[in-house]
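*Asks:* What follows is each chain in one-letter form.
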Amino acid sequence: MVLAFKNETFRDDFTFSNSPESIRRFPFPFHEDKYMYAVNIEPHVPGPKGTVYEFPIDIDEHYVAEMRDREIVLAADPGRCQALPHMMTAQWDMLELLMTSMARDYPEHFSLTQDGDHWHWINRPLGIDQKFTFGDHTTLPYEPMEYIGRQCQGDFSIQDQRDGQLWMDAGIITTQADWSLDFDIGMNFFEWHGPVPLAHEAGVFERALKFLLNLQVGRPVRRLNWTMTINPRLDTSPENYHKWGIDRTTVTPENVGDKVHLRVELQGLWRLPRSNAILFSIRCYLIKMKELVTIPKWGRRLPRVLETLPPEIADYKGLTRYRQMTIDWLKKYDDGAPTSPGFGPD
Amino acid sequence: MTASFLRRVRVAEVEPVASRIKRFRLVSADGEPLSEFSGGSHVTVCMQAPDRLIRNPYSLMSCPSDTSSYQIGVLKVPDSRGGSEFMHENVSIGTELEISEPLNLFPPAKLARKHILVAGGIGITPFMSMMSELESVGADFELHYGVRSLAEGAFCKLLETRYGPRVHLYFQDKGQLVPLEQVLASQPLGTHVYVCGPKPMIDWALRSATLAGWPDENIHSEQFTAPPIGKPFVARLVRTGREVTVGGHQSILEALEQNGIDAPFLCRGGACGQCETAVTSCDGFIEHNDHYLTEAEKADGRKIMICVSRISGDAITLDL
Numbered sequence: 085m086v087l088a089f090k091n092e093t094f095r096d097d098f099t100f101s102n103s104p105e106s107i108r109r110f111p112f113p114f115h116e117d118k119y120m121y122a123v124n125i126e127p128h129v130p131g132p133k134g135t136v137y138e139f140p141i142d143i144d145e146h147y148v149a150e151m152r153d154r155e156i157v158l159a160a161d162p163g164r165c166q167a168l169p170h171m172m173t174a175q176w177d178m179l180e181l182l183m184t185s186m187a188r189d190y191p192e193h194f195s196l197t198q199d200g201d202h203w204h205w206i207n208r209p210l211g212i213d214q215k216f217t218f219g220d221h222t223t224l225p226y227e228p229m230e231y232i233g234r235q236c237q238g239d240f241s242i243q244d245q246r247d248g249q250l251w252m253d254a255g256i257i258t259t260q261a262d263w264s265l266d267f268d269i270g271m272n273f274f275e276w277h278g279p280v281p282l283a284h285e286a287g288v289f290e291r292a293l294k295f296l297l298n299l300q301v302g303r304p305v306r307r308l309n310w311t312m313t314i315n316p317r318l319d320t321s322p323e324n325y326h327k328w329g330i331d332r333t334t335v336t337p338e339n340v341g342d343k344v345h346l347r348v349e350l351q352g353l354w355r356l357p358r359s360n361a362i363l364f365s366i367r368c369y370l371i372k373m374k375e376l377v378t379i380p381k382w383g384r385r386l387p388r389v390l391e392t393l394p395p396e397i398a399d400y401k402g403l404t405r406y407r408q409m410t411i412d413w414l415k416k417y418d419d420g421a422p423t424s425p426g427f428g429p430d
Numbered sequence: 002m003t004a005s006f007l008r009r010v011r012v013a014e015v016e017p018v019a020s021r022i023k024r025f026r027l028v029s030a031d032g033e034p035l036s037e038f039s040g041g042s043h044v045t046v047c048m049q050a051p052d053r054l055i056r057n058p059y060s061l062m063s064c065p066s067d068t069s070s071y072q073i074g075v076l077k078v079p080d081s082r083g084g085s086e087f088m089h090e091n092v093s094i095g096t097e098l099e100i101s102e103p104l105n106l107f108p109p110a111k112l113a114r115k116h117i118l119v120a121g122g123i124g125i126t127p128f129m130s131m132m133s134e135l136e137s138v139g140a141d142f143e144l145h146y147g148v149r150s151l152a153e154g155a156f157c158k159l160l161e162t163r164y165g166p167r168v169h170l171y172f173q174d175k176g177q178l179v180p181l182e183q184v185l186a187s188q189p190l191g192t193h194v195y196v197c198g199p200k201p202m203i204d205w206a207l208r209s210a211t212l213a214g215w216p217d218e219n220i221h222s223e224q225f226t227a228p229p230i231g232k233p234f235v236a237r238l239v240r241t242g243r244e245v246t247v248g249g250h251q252s253i254l255e256a257l258e259q260n261g262i263d264a265p266f267l268c269r270g271g272a273c274g275q276c277e278t279a280v281t282s283c284d285g286f287i288e289h290n291d292h293y294l295t296e297a298e299k300a301d302g303r304k305i306m307i308c309v310s311r312i313s314g315d316a317i318t319l320d321l
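Protein chains in written order, with the working numbering: chain D, 85 to 430; chain E, 2 to 321.
Looking at chain E on its own, in the form it has when it is part of the complex (with noise of 0.2 Å):
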C-alpha cells in the first residue's frame, strides 16, 4: 500500500528562527480540518522542483490539540539533495504543498514513569509535540538539548519560558556537552529515554545507554535518512520483468517512481519498514542505510529498504 493519499496544505507563516532554520506553518487548503496527531509524529511533505518530485518527513512540531495548523521546522543542509533547500528557497507565505497524513514512529512510551529526552540540533522537533502531549497528560519529563550555539539553537528560550527547569541546554560553542551518562547513570526504573540528532550523538546515546545498563526497550531513537548518493546502477524487477537505472542521485524508490512503477513506501527515511523488498541476487554490495532491519537482516542481505540503500556494484534483482 502506497501513501497516495495527500492532503494540501498553503504555507500560512515562515519564521526564520535560528541562523539556518525556518520554521513553516501550514493550514489546511482543501477544506477538510487536520487531524490530530499524537507526540512524536512527522508528516512527508512533496515538493515539486523543476526536474523531479522530491518527498521528505517532517516531524510536526505544534501542540497535537491543535488542528487549526501544523508547524514543521527545517535545517537548511548544504550539499543535501534538494529538499531542505526547496523548502528554504521556494516556499513562501501562500505556497501549496501535498502532505501526508500523520505518522509516528517515535512515540512517547505511554507506561513509563519518566521520559528523558535528549535533542541535538534539529533533532529537537518531534520532542516539541511530544513535550506538549507529555505536559498535558501531567508525564514527568526532562529535555536535555545540545546546540551549536544560542544563534543555532532553535526555540531554546520559547522551551525555557514553557517548560523551566525541565529543560536543560548545553551550548558547544561555550565548551558544554549533554552530560549523558551522568543523566543516564541516575535515573529511577521505569525511565524511557529518547534521542533524536546527528547520527553521531544517537549512536553515542544508545551506547551508553546500553552500557549503563538500560534495557533495550526503554530505549528510543528516530532519524530519518536522506537517500545517500553514489554511481548509477540497474535495478531489475523479477515480478514485473522490468529493468530501469538507479541515478546515482536517486533512490530505487525514486528510479522506480520515475518510471511509474508502483512500490510501497511511507516514512522515505529508512525508519518505517514499509518499502522493505526482497533481493533475488545482487550483482554488487548492498549499502543498508536504513535503521529498520538488524544487522544480521543487513548481513544476510536478502532484503533492503529501497528508499535509502542502495549497491555499489552494476546490478540487483528485486521481487517487484
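Here chain D stands alone, though its shape is the one from the complex (with noise of 0.2 Å):
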C-alpha cells in the first residue's frame, strides 16, 4: 500500500489531524470501561491487516511530519538524543531491525540492500539515499541510532542488561509524554519507574523486571500505555514544560472536541541479538475527542474510564485541570448503552 503522507504541524498553528481511516485504526488502550494498571504485555506478533499491529514498525500518513517535527526539536536540544559509549553494538542492532523492518513491510517507500556490510538505504518519502558500512559508524552523518531514529516514527529508548537490571544507556526521544531521557539516563528500571503511582506497592515493576530479563531474540513482546495532551503536540517534555504546561489552562466546553486528545504509546521490547541489550519504542499515537467520538463505542467508553479513574492516576498523567470538563463534553456521546468487551470499534 501506498501511503498519503500528511502535511501538517504538531505545534504552532496545529495542523494535525486524522483521517477517517486513521481514527478506524487508533490503538484504542481501553478494553473495558474501567482503568487499572496491570502488566498488559503481550507478544508482538503480526495483528490484523490495517491495523497499527500489521507490521512490527508502523508507518502511517503522519510519518514525514513527524520526522519534520523530531528534526526541530534535536536542533534546538541535541540532548534528546544521546548514548553511552558502551552502547555502539546495541545501536547497530537497532538500525539493523528498523531498516530490516521497514524495507520489508514498506517496499514501496524504503529499500535496504545488503551485500556483507556495505549496506545501501534508500528512504524515499524523505529522500535520502545512503551507502554505508555496517558496523562503521563513520560512513553515516549521524551515529546508527540517531541516523535511523531520525527516520522512524516513535521515540526508542535502549536499555543495557547486567546485574539482573535494565539500565537505560541510549535513547532518542522527542515525542514524550513528559518524562526527560537527559534526566533518566544511566539510571535502572525501578529508579526511572519511580514517579509511577500505585503500581510500585502492586508489585508490578518487579514482575515486568523479571520478565524482561528473560526475553528472547525473535519474541518482541508490545503493550499499550496512555494520557491524554492538550493540543496535537508530540513534544510534551519536561524540557519544554514552559510552552506547552499553560496549555491546560485553555480548555473551555467549547473547544474539548478540538483541543483535548487521547495519546497512546504502542510501546515495543525487543531483545537486539548482538549487544543482548534491550530495544523499547514508544510510538505514539494521537486523537481529537472530535475524532474519537466518531466510533460510537469509544464515545460511550472513554467518559466512563474518566470518571472512575482513580485521582492518583489522573494526577500523575496530569488530567486534573480538565478531566470534568472533558467527561461532561464526552457524556453527550454516551447513551448509557453497554459497551461490548474488547478494544476495537463494533
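I should point out that these hints are in silico values taken from the structure, not numbers from a laboratory.
Beta carbons are placed, not taken as given, at the ideal position from N, Cα and C, and that holds for glycine.
Check before you lean on any hint, since a few could be wrong.
[Claimed, not checked] Listed next, the stretches of chain E that the computed footprint assigns to chain D, with coverage defined by at least 3 CB atoms under 8 Å from CB atoms of chain D:
no. : region
1   : 106–118
2   : 241–253
[Said to hold, decoys possible] Which chain D residues stay away from chain E? Per the calculated CB distances, all over 10 Å, these:
no. : residue
3   : 91
4   : 212
5   : 216
6   : 261
7   : 301
8   : 336
9   : 340
10  : 429
Work from the hints to combine the two standalone chains into their complex.
*Replies:* So, in C-alpha cells, the structure goes:
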C-alpha cells in the first residue's frame, strides 16, 4: 500500500488531524469501561491487516510530518539523543532491526540492499539515499541510533542488561509524555519508574523486570500506555514544560472536541541479538475528542473510564484540571448502552 | 510464556575435540538464517529419545557474528539422564534437531575495565563466544582454563593460537591448579570475574572472590544443572485441579509436560528463573537444586523452580 503523507504540524498552528482510516486504526487502549495498571504485556506478533499491529514497525500518514517535528526538536536540544559509549553495538542492532523491518513491510517507501557489511539504504519519502559500512559509524552522517531514529516514527530507548537489571543507557526521545532522557539516562528500571504511583506497591515492576530480563531474540512483546494531551503536541517534554504546561488552562467547554487529545503509546520491547540489550520503542498516536466520538463505542467508553479513574492516576497523568470538562463534553455521546468487550470499534 | 517457538537445524559437522567431548556444527534447516547472538548465550536443544523428549541447554561456542552456523560442545556424562549420551550416540551429520533461539544468562559486563574468565573442563564453552566478542571490541581479558589433561582439554591449542599470552592453561595430571587466590588478589579496580565449570570449582571461585573483597556485582557464574534423580512423589495443582506423579528420573516440569500441562520455562537448568512456581503446601522437604532463588527464599519454602528441584516426601501442592 502506498501511503499518502500529510503535510501538517504538531506545534504553533497545530494542523494535525487524522483521516477516517487513521481514526479506525487508532489503538484505543481500554478494553472495558474502567482502567487500572496491569502488566499488560503480550507477544508483539503481526496483527490484522490495516491495524497498527500489522507490522512490527508501524509507518502511517503522519510519518513525514513527525520526522520534520523531530528534526526541529533535535536542532533546538541535542540532549534529546544520547548514547553512552558502551552502547555502540546496541545502536547497530537497532539500526538493523528498523531498516530490515521498514524495507520488508513498506517496499514502496524504503529499500535496503545488504552485501556483507556494505549496505545501501533508500528512504523515498524523506529523499535519502545512503551507502554505508555496517559496523563503521564514520560512514554515516550520525551515529546509528540517531541516523535511523531520525527516519522512524516513535521514540526509542536502549537498555543495557547487567547485574540482573536494565539500565537506560541510550535513547532518542522527542515525542515524550513528560519524561526526560537527559534526566533518566544511566538509571535502572526501578529508578526511572520511581514517579509512577500505585504500581510499585502492586509489585508490577518486579514482575515486569523479571519478565524482561528473559526476553528472547525474535520474540518481541508490546503493551499500550496512555495519557491525554492538550493540542496535538508531540513534544510534551519536561524541558519544554514552560511552552505546553499552560495549554491545560486553555480548555473550555466549547473547545474540548478540538483541543483535548487521547495520547496512546504503543510500546514494543525487543531483545537485540548482538548486544543483549533491550530496545524499547514508544510510538505515539494522537486523536482529538471529536475524532474519537466518531466511533460510537469509544464515545461511550472513554467518559466512563475517566469518571472512574483513581485520583492518583489522574494527577500523575496531568488530567486533573480538565478531566471533568472532558467528561461533560463526552457524556453527550454516551447513551448509557452497554459496550462490547475488547478494544476495537463494533 | 513457554519456549515453544523452536528453530529446526541440521547437524553439518561432528568433531571429537577431546576424549569425551564432541563439537557439533548446526545449520538452519528451515530456510531462515540463524539469529546473531551475544557472547555467553546458550540454546536449548530438543532431542527425541524413544521414550521421551529431552531438552538440554548448551552454550554457543561459535563467533557471535557468524550466523552461517552455530557450534555447541557436548561432554558425555556417565550416569546422566540421557541428553549428552543421546547427542554422542544418536546424533550424526544430517540429523535434524530443534533448538530454541539464543538466550544469554551469562553476558560480559559492558562497563568492566578488565575481564577474568575462569573455566574448568567443559565450562570453557560459554567463554568461546565471549572471547570472540571481547576481542572484537578490543576489551582487556584473560582466560584461566583448568583441564584434567591435554587429551581431555578441548580447544587448548585453538585458544592458544587465537589469543596467545592471554590464555593460561592448567593441567591437573601435572599437578597444576588455577592459582585463583593469586589471580584475584592482583586485579585493577573495575575488573569482573566470570566462572563456569563443575560445581565445586564455581563454589571455590565465588568464595575466594568474596574473601578477597570483590564486590558481588563483579562476580559472575553460570552453571546449568541437570535435574537430579530421586524418589517418585505427587504434585497437586491448585488452579487446574490436576494431580500428576513425578517419576524418580523426571523433573516436575517434565511430568507436567508429559501430562499435557503447560508450565512456564526457558533454560531448564535452574538458572533463568522463568519457571518459578509458588508452593501452597509441601508434605515433605523441598530439595532446591537451582541457582536462582536466594538462600532465604529456599529456606522459606514458598517457591520452587520446577525445572530442577524436587521433594523428598509424598506430595507437593503448587499454584499452577
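*Asks:* The structure should be examined with respect to each hint, and the outcome stated for every one.
*Replies:* Verification of the supplied hints:
Coverage of a stretch by a chain is defined here by at least three residues with a beta carbon nearer than 8 Å to that chain's beta carbons; for the region 106–118 of chain E and chain D the count is 4, and the condition holds. Coverage of the region 241–253 of chain E by chain D is violated. Counting CB-CB distances below 8 Å, 0 residues qualify, and the rule asks for three or more. Non-interface status of residue 91(D) relative to chain E is upheld: no Cβ of that chain comes within 10 Å, the nearest being about 39 Å off. Interface exclusion of residue 212(D) from chain E stands, the closest Cβ pair being 25 Å apart, more than 10 Å.
Every Cβ of chain E is farther than 10 Å from the Cβ of residue 216(D); the closest lies at roughly 17 Å, confirming the non-interface assignment. Once the 10 Å rule is applied to beta carbons, residue 261(D) is consistent with being away from chain E; the minimum gap is 28 Å. Its beta-carbon lying about 5 Å from the closest one in chain E, residue 301(D) breaks the requirement of being farther than 10 Å from that chain. With 10 Å as the threshold on Cβ separation, the claim that residue 336(D) sits away from chain E holds: the shortest Cβ distance comes to roughly 47 Å.
The claim that residue 340(D) lies off the interface holds: its Cβ sits roughly 41 Å from the closest Cβ of chain E, which is beyond the 10 Å cut-off. Here residue 429(D) stays apart from chain E, with its beta-carbon at least about 29 Å from theirs, past the 10 Å limit.
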